[in-house]
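Note that the protein sequences, when read in sequence, are chains A and B.
Counting the first sequence from 1 gives a position; the numbering used here is that position plus 1.
Counting the second sequence from 1 gives a position; the numbering used here is that position plus 3.
It is worth saying that the hints were derived from the structure and are not from the lab.
Misleading hints may appear alongside valid ones.
[Unchecked claim] With a straight-line cut-off of 25 angstroms between C-alpha atoms, the simulated BS3-like cross-links for lysine-lysine are:
#: 1; chain 1: B; residue 1: Lys64; chain 2: A; residue 2: Lys120
#: 2; chain 1: B; residue 1: Lys6; chain 2: B; residue 2: Lys64
#: 3; chain 1: A; residue 1: Lys62; chain 2: B; residue 2: Lys64
#: 4; chain 1: A; residue 1: Lys122; chain 2: B; residue 2: Lys64
#: 5; chain 1: B; residue 1: Lys42; chain 2: A; residue 2: Lys116
#: 6; chain 1: A; residue 1: Lys120; chain 2: B; residue 2: Lys42
#: 7; chain 1: B; residue 1: Lys42; chain 2: A; residue 2: Lys122
#: 8; chain 1: A; residue 1: Lys120; chain 2: A; residue 2: Lys62
#: 9; chain 1: B; residue 1: Lys27; chain 2: B; residue 2: Lys6
#: 10; chain 1: A; residue 1: Lys189; chain 2: A; residue 2: Lys139
#: 11; chain 1: B; residue 1: Lys27; chain 2: B; residue 2: Lys42
#: 12; chain 1: A; residue 1: Lys139; chain 2: A; residue 2: Lys184
#: 13; chain 1: A; residue 1: Lys62; chain 2: A; residue 2: Lys116
#: 14; chain 1: A; residue 1: Lys62; chain 2: A; residue 2: Lys122
#: 15; chain 1: B; residue 1: Lys27; chain 2: A; residue 2: Lys116
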Amino acid sequence: MDSDMRTLVITGASRGIGAHLARRAVEQGFRVVGLARNTSQEISAYELRRCDVADAQAVQKSLEDLRRDDSLYGLINTAGIASMNLAVMTPPETIQRIIFTNLIGTINCSSIVGKWLTKQKRGRIVNFSTIAVPLGLKGESVYVASKAGVEGFTRSFAREMADFNITVNAVAPGPIETNLIAKVPPEKIAAIVERQIIQRMAEPEDVWKVVSMLLEPDARMITGQIINIGGV
Amino acid sequence: MTKEAIVARIVSELTNMTNLDPVKLNEGTPLIGRGAVIKSVQLVELMLAMEDFAEDELNAKFDWTSDVAMSSERSPFRSIGSLADTLAALEQ
Numbered sequence: 002m003d004s005d006m007r008t009l010v011i012t013g014a015s016r017g018i019g020a021h022l023a024r025r026a027v028e029q030g031f032r033v034v035g036l037a038r039n040t041s042q043e044i045s046a047y048e049l050r051r052c053d054v055a056d057a058q059a060v061q062k063s064l065e066d067l068r069r070d071d072s073l074y075g076l077i078n079t080a081g082i083a084s085m086n087l088a089v090m091t092p093p094e095t096i097q098r099i100i101f102t103n104l105i106g107t108i109n110c111s112s113i114v115g116k117w118l119t120k121q122k123r124g125r126i127v128n129f130s131t132i133a134v135p136l137g138l139k140g141e142s143v144y145v146a147s148k149a150g151v152e153g154f155t156r157s158f159a160r161e162m163a164d165f166n167i168t169v170n171a172v173a174p175g176p177i178e179t180n181l182i183a184k185v186p187p188e189k190i191a192a193i194v195e196r197q198i199i200q201r202m203a204e205p206e207d208v209w210k211v212v213s214m215l216l217e218p219d220a221r222m223i224t225g226q227i228i229n230i231g232g233v
Numbered sequence: 004m005t006k007e008a009i010v011a012r013i014v015s016e017l018t019n020m021t022n023l024d025p026v027k028l029n030e031g032t033p034l035i036g037r038g039a040v041i042k043s044v045q046l047v048e049l050m051l052a053m054e055d056f057a058e059d060e061l062n063a064k065f066d067w068t069s070d071v072a073m074s075s076e077r078s079p080f081r082s083i084g085s086l087a088d089t090l091a092a093l094e095q
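Go ahead and model the full structure; you've got the sequences and the hints to work with.
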């Protein structure tokens with residue numbers, strides 16, 4: 002391995018934004034270790050390991066080889082699920098699944114990788130929220146609750162990691178053309194986009210631009226921030 | 004490995020990461036709570052070092068994020084001595 006090679010762990014790396022970020026990170030010279038529940042896809046650009054981020058022991062086991070790996074540089078928590086529905090119509094099992102994957106999964110991965118990053122005295126953690134949090138979107142209350150938790154965790158965890166020169170931020174995109182919003186009616190998507198400052202649907206590459214900026218060594222003073230893509 | 008040797012190792016790690024006087028560190032030195040000689044950040048550093056120490060020299064896994072570890076009454080972090088006891092028990 003190149004002595005300057007930096008390793009990034011990316012959750013939810015099998016598809017959507019996670020897969021895009023993984024591909025772009027590899028193009029920029031990172032070694033990417035992706036985590037995903039479904040690893041049946043043919044991906045040659047980076048390593049994909051099967052793991053449910055909601056299961057802390059599974060995360061620890063999947064990434065154990067990185068515990069003493071000096072190249073470990075950062076974590077991008079994109080793994081997430083959504084169920085666009087009124088809370089009163091959402092089955093309890095679905096509520097738990099959303100909270101466990103989106104919030105507990107982010108905390109699990111951040112705690113485990115963050116612990117190992119403290120040895121390096123440097124690192125970057127990028128979490129994923131949504132502009133649905135500040136907008137308080139109707140029909141997304143459980144999803145919003147999970148992501149509001151991610152934002153709170155990001156702010157607090159940033160303080161816990163600051164002494165180790167590890168920054169922790171969250172990126173909060175609006176609607177982006179991925180499977181996550183595949184079942185959302187186009188008129189609803191358009192209504193959300195209209196509430197952004199920039200009234201245009203962002204693309205995965207817009208997300209990468211923000212993430213890559215946060216990954217830069219020069220971004221050492223940016224931490225505890227929630228960056229809403231498109232603005233709210 | 005004897006408990007005394009493990010205590011010496013913990014003291015060595017602590018003095019490497021802080022400016023604490025090793026003469027003033029002993030089994031009764033608290034690591035958490037009232038009278039703790041290190042900050043939480045340094046406790047994390049110490050635990051990471053002990054995790055590697057357990058794996059390399061005791062051939063054991065030290066899970067310092069378990070519920071027991073977080074319990075203030077039974078925590079191995081209470082003192083240098085309790086941490087050494089916990090590590091010594093792993094070897095058996």
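Here is how each hint holds up against the structure:
1. Straight-line distance between C-alpha atoms of Lys64 (chain B) and Lys120 (chain A) comes to about 18 angstroms, which keeps the hinted pair within the 25 angstroms bound.
2. Between the alpha carbons of Lys6 (chain B) and Lys64 (chain B) the distance comes to roughly 17 angstroms, so the proposed pair stays at or under 25 angstroms and holds.
3. Between the alpha carbons of Lys62 (chain A) and Lys64 (chain B) the distance comes to roughly 13 angstroms, so the proposed pair stays at or under 25 angstroms and holds.
4. A hinted pair counts as satisfied when its Cα atoms are at most 25 angstroms apart, and Lys122 (chain A) with Lys64 (chain B) qualifies at roughly 23 angstroms.
5. A hinted pair counts as satisfied when its Cα atoms are at most 25 angstroms apart, and Lys42 (chain B) with Lys116 (chain A) qualifies at roughly 16 angstroms.
6. Among the hinted pairs, Lys120 (chain A) with Lys42 (chain B) is consistent with the structure: their alpha-carbon atoms are about 16 angstroms apart, no more than 25 angstroms.
7. Between the alpha carbons of Lys42 (chain B) and Lys122 (chain A) the distance comes to roughly 16 angstroms, so the proposed pair stays at or under 25 angstroms and holds.
8. Between Lys120 (chain A) and Lys62 (chain A), the direct Cα distance comes to roughly 19 angstroms. Compliance with the 25 angstroms bound is thereby established for this hinted pair.
9. Restraint check for Lys27 (chain B) and Lys6 (chain B): satisfied, since their Cα atoms lie roughly 18 angstroms apart, inside the 25 angstroms limit.
10. Straight-line distance between C-alpha atoms of Lys189 (chain A) and Lys139 (chain A) comes to about 10 angstroms, which keeps the hinted pair within the 25 angstroms bound.
11. At most 25 angstroms may separate the alpha-carbon atoms for a hinted pair to count; Lys27 (chain B) and Lys42 (chain B) meet this at roughly 17 angstroms.
12. Between Lys139 (chain A) and Lys184 (chain A) the alpha-carbon distance is near 16 angstroms, which keeps this suggested pair within the 25 angstroms criterion.
13. Of the pairs offered as hints, the one joining Lys62 (chain A) and Lys116 (chain A) holds, with about 14 angstroms between alpha carbons and a cut-off of 25 angstroms not exceeded.
14. Pair hint Lys62 (chain A) plus Lys122 (chain A) holds up; C-alpha atoms about 23 angstroms apart against a cutoff of 25 angstroms.
15. Between Lys27 (chain B) and Lys116 (chain A) the alpha-carbon distance is near 29 angstroms, which puts this suggested pair outside the 25 angstroms criterion.
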